[in-house]
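Student: Sequence:
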Amino acid sequence: MDTPHIRWIPVCVVILLLVFTRPVDATEAPNVENRLELTFGQKQEKFLWTTATGVGVITAWGIAKWDYFTVAPHAQSEGWFGNDTSNGGADKLGHMYSSYVATHALSALYEYWQFRREDAALYGALSSFVIMGYMEFGDAFSDYGFSNEDLLANTAGILWGYLTYRDPVLASRLDFRWEYGIHPSQADLVTDYENSKFLVALKLNGFEACRKSWLRHLEFHAGYYTRGFEDDEPDRERNMYAGVAINLTDMFARYGHRKTATVLRYLQVPGTYLQLADDVN
Numbered sequence: 001m002d003t004p005h006i007r008w009i010p011v012c013v014v015i016l017l018l019v020f021t022r023p024v025d026a027t028e029a030p031n032v033e034n035r036l037e038l039t040f041g042q043k044q045e046k047f048l049w050t051t052a053t054g055v056g057v058i059t060a061w062g063i064a065k066w067d068y069f070t071v072a073p074h075a076q077s078e079g080w081f082g083n084d085t086s087n088g089g090a091d092k093l094g095h096m097y098s099s100y101v102a103t104h105a106l107s108a109l110y111e112y113w114q115f116r117r118e119d120a121a122l123y124g125a126l127s128s129f130v131i132m133g134y135m136e137f138g139d140a141f142s143d144y145g146f147s148n149e150d151l152l153a154n155t156a157g158i159l160w161g162y163l164t165y166r167d168p169v170l171a172s173r174l175d176f177r178w179e180y181g182i183h184p185s186q187a188d189l190v191t192d193y194e195n196s197k198f199l200v201a202l203k204l205n206g207f208e209a210c211r212k213s214w215l216r217h218l219e220f221h222a223g224y225y226t227r228g229f230e231d232d233e234p235d236r237e238r239n240m241y242a243g244v245a246i247n248l249t250d251m252f253a254r255y256g257h258r259k260t261a262t263v264l265r266y267l268q269v270p271g272t273y274l275q276l277a278d279d280v281n
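Numbered per our numbering, the sequence shown finishes at 281, counting up by one with no gaps.
No lab work stands behind these hints: they were computed from the structure. Treat each hint with caution, since some may be false.
Said to hold, decoys possible - Restricting the straight-line Cα-Cα distance to at most 35 Å, the calculated cross-link-like pairs of lysine-lysine (DSBU-like) are:
1) Lys-212 / Lys-65
2) Lys-259 / Lys-43
3) Lys-212 / Lys-259
Stated by the list, open to error - Computed beta-carbon distance windows for the label pairs:
4) Tyr-255 / Ile-63: 45 to 51 Å
5) Phe-81 / Glu-118: 32 to 38 Å
6) Asp-143 / Asp-231: 18 to 24 Å
7) Ala-60 / Tyr-112: 35 to 41 Å
8) Met-251 / His-74: 44 to 50 Å
C-beta: ideal position from N, C-alpha, C; glycine also.
Given these sequences and hints, build the entire structure.
Tutor: Given below as structure tokens:
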């Protein structure tokens with residue numbers, strides 16, 4: 001569902017955790033020399049505290065702002081990408097993106113706490129699953145209602161986040177990004193699907209054959225966005241598109257701006273690519 005609480009939380013988390021506490025870039029293997037291995041008990045303790053804190057924050061905020069536990073639990077089917085859905089599926093990609101980012105952010109936090117990369121990815125995914133799943137559970141006790149589609153979209157994002165954080169090679173080749181347009185139509189930008197796009201970027205510098213040629217500066221996009229659903233317009237659009245762009249993440253990283261490069265692995269700058277779109281309607 002187009003719920004205002006779905007995307008702003010992980011977007012804030014990515015700024016706070018990925019930029020300021022990340023020990024290494026996701027595309028690089030961590031340096032494990034002289035790293036003290038945490039015991040299983042220590043890992044469990046950090047996992048429980050982190051997850052419980054997330055659940056506690058969601059509970060407090062949900063009761064205060066989202067009317068959690070004010071109605072009897074209920075569920076509803078929202079559909080996926082159909083033209084008769086509330087957002088044409090853009091909200092489902094929003095759920096997927098949120099969970100993906102949350103998984104990376106929490107994994108980065110665990111790695112900062114000296115978890116090995118593989119363990120950090122696993123615990124980050126588990127924490128994200130519990131926290132995002134609990135948010136859906138809370139929705140069941142509010143006017144929003146529980147949505148199977150939202151839960152499945154969250155799970156897909158968490159799985160993708162786990163795989164790309166665990167595997168630096170895969171992370172060096174694929175990004176999942178959100179683009180927000182330059183003409184906002186509402187104050188709550190994170191649920192402004194009329195100005196949002198979601199895309200996968202294939203970065204050629206992640207392939208050995210391209211790293212020593214000019215191709216390393218390029219990336220290819222495949223994305224999806226909807227228009228006209230907010231005002232229930234008759235000429236709704238569900239657009240799939242392909243694009244080509246300059247690899248800004250690689251460019252900023254090469255010049256030492258790694259924090260900026262990290263942010264650009266999750267946020268796409270508007271107007272920095274050429275696209276060919278097709279309205280499936």
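Student: So, for every hint listed, does it hold in this structure?
Tutor: Evaluation of the provided hints:
1. This hinted pair does not check out: Lys-212 and Lys-65 have alpha carbons roughly 52 Å apart, beyond 35 Å.
2. Distance hint between Lys-259 and Lys-43 is fulfilled; the C-alpha atoms sit about 27 Å from each other, no more than 35 Å.
3. Simply put, Lys-212 and Lys-259 have alpha-carbon atoms about 24 Å apart, close enough for the 35 Å limit, and the pair holds.
4. Look at Tyr-255 against Ile-63: about 46 Å separates their beta carbons, and that is inside 45 to 51 Å.
5. A C-beta distance of roughly 34 Å is found between Phe-81 and Glu-118, which places it inside the suggested range of 32 to 38 Å.
6. Between Asp-143 and Asp-231 the beta carbon distance is about 21 Å. The supplied range of 18 to 24 Å therefore holds.
7. Separated by about 25 Å at the C-beta atoms, Ala-60 and Tyr-112 break the suggested range of 35 to 41 Å.
8. Met-251 and His-74 have their C-beta atoms about 49 Å apart, which keeps the hinted 44 to 50 Å range intact.
Of the numbered hints given earlier, the model fails hints 1, 7; all others are met.
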